[in-house]
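S.K.: In case you want the letters, here they are:
Protein chains: 2
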Amino acid sequence: MSSRSDTKFLLGESDMPPAWYNILADLPEPMSPPLHPGTGQPAGPDDLAPLFPMELILQEVSTDRYIDIPQEVQEVYKLWRPTPLYRAHRLEKLLDTPAKIFYKYEGTSPAGSHKPNTAVAQAYYNKMAGINRLTTETGAGQWGSALAMSAAFFDLEVKVFMVRVSYEQKPYRRALMEAWGATCIPSPSNETEAGRRILQQEPDSRGSLGIAISEAVEEAVTRDDTHYALGSVLNHVMLHQTVIGQEAQKQFELADTYPDVIFGCVGGGSNFGGLVLPLVKDRIAGKDLRIVAVEPTACPTLTRGSFVYDFGDTAQTTPLMKMHTLGHTFMPAGIHAGGLRYHGMSPIVSHLYEHNLIDAIALPQTAIFEGAIQFARSEGIVPAPESAHAVRAAIDEALRCKEAGEEKTILFGLSGHGNFDMAAYQEYFAGNLIDHEHPQDDIDRALAQLPAMGD
Amino acid sequence: MSSRSDTKFLLGESDMPPAWYNILADLPEPMSPPLHPGTGQPAGPDDLAPLFPMELILQEVSTDRYIDIPQEVQEVYKLWRPTPLYRAHRLEKLLDTPAKIFYKYEGTSPAGSHKPNTAVAQAYYNKMAGINRLTTETGAGQWGSALAMSAAFFDLEVKVFMVRVSYEQKPYRRALMEAWGATCIPSPSNETEAGRRILQQEPDSRGSLGIAISEAVEEAVTRDDTHYALGSVLNHVMLHQTVIGQEAQKQFELADTYPDVIFGCVGGGSNFGGLVLPLVKDRIAGKDLRIVAVEPTACPTLTRGSFVYDFGDTAQTTPLMKMHTLGHTFMPAGIHAGGLRYHGMSPIVSHLYEHNLIDAIALPQTAIFEGAIQFARSEGIVPAPESAHAVRAAIDEALRCKEAGEEKTILFGLSGHGNFDMAAYQEYFAGNLIDHEHPQDDIDRALAQLPAMGD
Chain A
0 MSSRSDTKFL LGESDMPPAW YNILADLPEP MSPPLHPGTG QPAGPDDLAP LFPMELILQE
60 VSTDRYIDIP QEVQEVYKLW RPTPLYRAHR LEKLLDTPAK IFYKYEGTSP AGSHKPNTAV
120 AQAYYNKMAG INRLTTETGA GQWGSALAMS AAFFDLEVKV FMVRVSYEQK PYRRALMEAW
180 GATCIPSPSN ETEAGRRILQ QEPDSRGSLG IAISEAVEEA VTRDDTHYAL GSVLNHVMLH
240 QTVIGQEAQK QFELADTYPD VIFGCVGGGS NFGGLVLPLV KDRIAGKDLR IVAVEPTACP
300 TLTRGSFVYD FGDTAQTTPL MKMHTLGHTF MPAGIHAGGL RYHGMSPIVS HLYEHNLIDA
360 IALPQTAIFE GAIQFARSEG IVPAPESAHA VRAAIDEALR CKEAGEEKTI LFGLSGHGNF
420 DMAAYQEYFA GNLIDHEHPQ DDIDRALAQL PAMGD
Chain B
0 MSSRSDTKFL LGESDMPPAW YNILADLPEP MSPPLHPGTG QPAGPDDLAP LFPMELILQE
60 VSTDRYIDIP QEVQEVYKLW RPTPLYRAHR LEKLLDTPAK IFYKYEGTSP AGSHKPNTAV
120 AQAYYNKMAG INRLTTETGA GQWGSALAMS AAFFDLEVKV FMVRVSYEQK PYRRALMEAW
180 GATCIPSPSN ETEAGRRILQ QEPDSRGSLG IAISEAVEEA VTRDDTHYAL GSVLNHVMLH
240 QTVIGQEAQK QFELADTYPD VIFGCVGGGS NFGGLVLPLV KDRIAGKDLR IVAVEPTACP
300 TLTRGSFVYD FGDTAQTTPL MKMHTLGHTF MPAGIHAGGL RYHGMSPIVS HLYEHNLIDA
360 IALPQTAIFE GAIQFARSEG IVPAPESAHA VRAAIDEALR CKEAGEEKTI LFGLSGHGNF
420 DMAAYQEYFA GNLIDHEHPQ DDIDRALAQL PAMGD
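So the sequence lines, in the order shown, correspond to chains A and B. For what it's worth, numbering that gives the first Met the number 0 labels the leading residue of the first sequence as 0, then goes sequentially. For what it's worth, numbering that gives the first Met the number 0 labels the leading residue of the second sequence as 0, then goes sequentially.
Be aware that one or more of the hints could be misleading.
Identical copies look the same in the list; a pair holds intra-copy or inter-copy alike.
To be verified - Simulated pairs of lysine-lysine, DSSO-like, Cα-Cα distance not exceeding 30 Å:
no., residue 1, residue 2
1, Lys77, Lys7
2, Lys126, Lys7
3, Lys407, Lys126
4, Lys407, Lys77
5, Lys286, Lys126
6, Lys249, Lys7
7, Lys249, Lys286
8, Lys77, Lys249
9, Lys249, Lys407
10, Lys126, Lys401
11, Lys126, Lys92
12, Lys92, Lys407
13, Lys77, Lys401
Simulated from the structure, these hints should not be mistaken for laboratory data.
Using the sequences and the accompanying hints, generate a full structural model.
M.R.: Here's what the structure looks like:
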């Protein structure tokens, strides 16, 4: 039995959701289709076949409301799921707020974040399709670690192209991927044409997620035994992450309350989508609920980007997606929340934003770390810099509630711990962090390079 | 409802043990008392008062079977307790063993190990006694992190003397302690007389737990506002850790089985003691159960040390304790399981070993890491090098069961994750690990320096 004074609202393994929730079944307006990068015509399943197994391609376009989670995937989920929903009693006390603060913590996975929720599924479907080798990109390393671990469970080889700035800032992330048997190299690399082209233009390139995706996609397309796995953005990734929000709904029933406002950090959108999509369903059905995506001011995809067709990668090899974007040539500043340094945004999240079903805000990194430290010293967990965006937004909201005397229920997604991000905390304590804000020209220039597509 | 096919056996917050279990109430033979380092006479509460609050001193000598856990401590425990008991289905499959393998995982605490179980209690009792500042030592950093976090919860300052070899191998452990507000310096340091003396004799000293304890104790004794906190060895530390074993007992009821053999790694003995003491009670009561302490061959306190009176620290400032020891001047090799590099052993664990209530084995570090990788690639969690001693012992036992066709139930303590130990894994993969085994002369020489006390 749970009671309202509980710290954690726990579910048993038998309470795990048996299916992923697909928001496409409930959208008031349909989404724009992805387009083939060559022809500009809607991309079909065959266009994606060199990259993904057919099961994932079908999930990408499915409009079924629920898609069963295979038993083999559920068995792996049980290594850390269901994850706890916490009531932040100690943080509330520190802030002296009448608000109730809850957080859903995904850092209990051995890889330390929400990323394995989709990595396990992708590894499974690739294995079932007879694939033995995967390539991918990683920013901060959360996704690369998750795929490395998940691939180990299904006996697949993995090669990870890691954004160079993160590769250098986080040497132990690489060791973690290697512990699970993956190979990890800094991107841009000399191992692909896309990488070599970038290095020719800019030998000191610090890399970006867009470049690393180009490299990983290129290797997958040019090798028959190899597929590609993406850790965010795509519909099937959002789908797999919905276990988070579905569990949270059950846990709020145990807590006998329901959120008034939800915060999640957004890079490509998978943590945010996973947490909020099942609750967006409630909002579409009429529930009074504010849902806020929190992004870094250094990469303000939702708050300052455009909703247009763009490539997912720098080398223009992926299908064009209608999404919020800063332009695929945009180079975000080298902030410590490496997982949020992506020029684009999940088409689903972009669509929801465009239709006013969610809001977005942008925060600078020193404020993020300030909030992270307050959180660590009251709740214990040291957050990943990405997750700290949601922490800070929740703290700000709780302080607004204090001022207004409002007893709101706040939920935020704590997508991962910061155990592999301590170099960033060192920089913060040393006073070395810079709050990057790109001049409008940077963004306009990158957007001006986009192809004109029927939007 | 749990079922035998579950991966995790979970308890709710209301199932948490309300009291710590004190093995002193159930020992068949009484333990030898600690002796005053100056007089050689039994040490009384007053002798310990400069170091510890009276509540902890009373717990150190109590023979009450159960001691209530204060509500404030329980509230903090709820941030990560009860911890899961896992059935290692995937590891069993990998080993193709008829044995059932279970592990109790303490790495879900924000500090990543079992250490906060006592750190929280110690911070609480010190705060209640009006103390505002604590000193301590740390080897691998697990204990220092745990105390830093726990002190933050009760608004205490902390200064950590970190064994220099670990300080250098694990820069991010230091950043973690700082994130929780603690100060961390390498030991031996110039800030204490004990440290300066060592540095004079050996300017390049890599340090040891024994030296770091001397430094931390010296600073606590010489400052009125400061107490000392020890992360292992002492009776009250073992006491606080018994939440682990008590939870495990309840979880084995859910799993509808009971262990035939238990493995835990031992440095000072607190993880091992915490897991096994409640089950030693069952063994004393007649249960057929083998309990095995696993130590490194590089610091073979139980398997090659003597059961005699010795100091807890290098500078001979602590009370003399009757325990298994390699001698307080013994300098263990610089292995990666820094938390196990201690010359002595919990008097309780030593007493149990001497009375054949537990067994002990020693393992070399390359075998440890080999087992850790097998575990990580099947169960996900990358173990701390300390915990990996128990992992390897359990794997070996499961393989013996396979050979003999025995369906034993194996339990081991997975005391923490290895997120801050990836440099050690890098060294392992690079083939740089050395299996240290001290010549008998090293041990004999250190033991010959011990004072002759009535043993």
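S.K.: Are the hints correct? Go through all of them and say.
M.R.: Consistency of the hints with the structure:
| no. | hint | result |
| --- | --- | --- |
| 1 | Lys77 - Lys7 | both (18 Å within a copy, 7 Å between copies) |
| 2 | Lys126 - Lys7 | between (36 Å within a copy, 26 Å between copies) |
| 3 | Lys407 - Lys126 | neither (46 Å within a copy, 33 Å between copies) |
| 4 | Lys407 - Lys77 | between (32 Å within a copy, 24 Å between copies) |
| 5 | Lys286 - Lys126 | neither (40 Å within a copy, 46 Å between copies) |
| 6 | Lys249 - Lys7 | both (13 Å within a copy, 19 Å between copies) |
| 7 | Lys249 - Lys286 | within (16 Å within a copy, 41 Å between copies) |
| 8 | Lys77 - Lys249 | both (17 Å within a copy, 20 Å between copies) |
| 9 | Lys249 - Lys407 | within (19 Å within a copy, 38 Å between copies) |
| 10 | Lys126 - Lys401 | between (52 Å within a copy, 29 Å between copies) |
| 11 | Lys126 - Lys92 | between (48 Å within a copy, 18 Å between copies) |
| 12 | Lys92 - Lys407 | within (15 Å within a copy, 48 Å between copies) |
| 13 | Lys77 - Lys401 | between (39 Å within a copy, 26 Å between copies) |
Of the numbered hints given earlier, the model fails hints 3, 5; all others are met.
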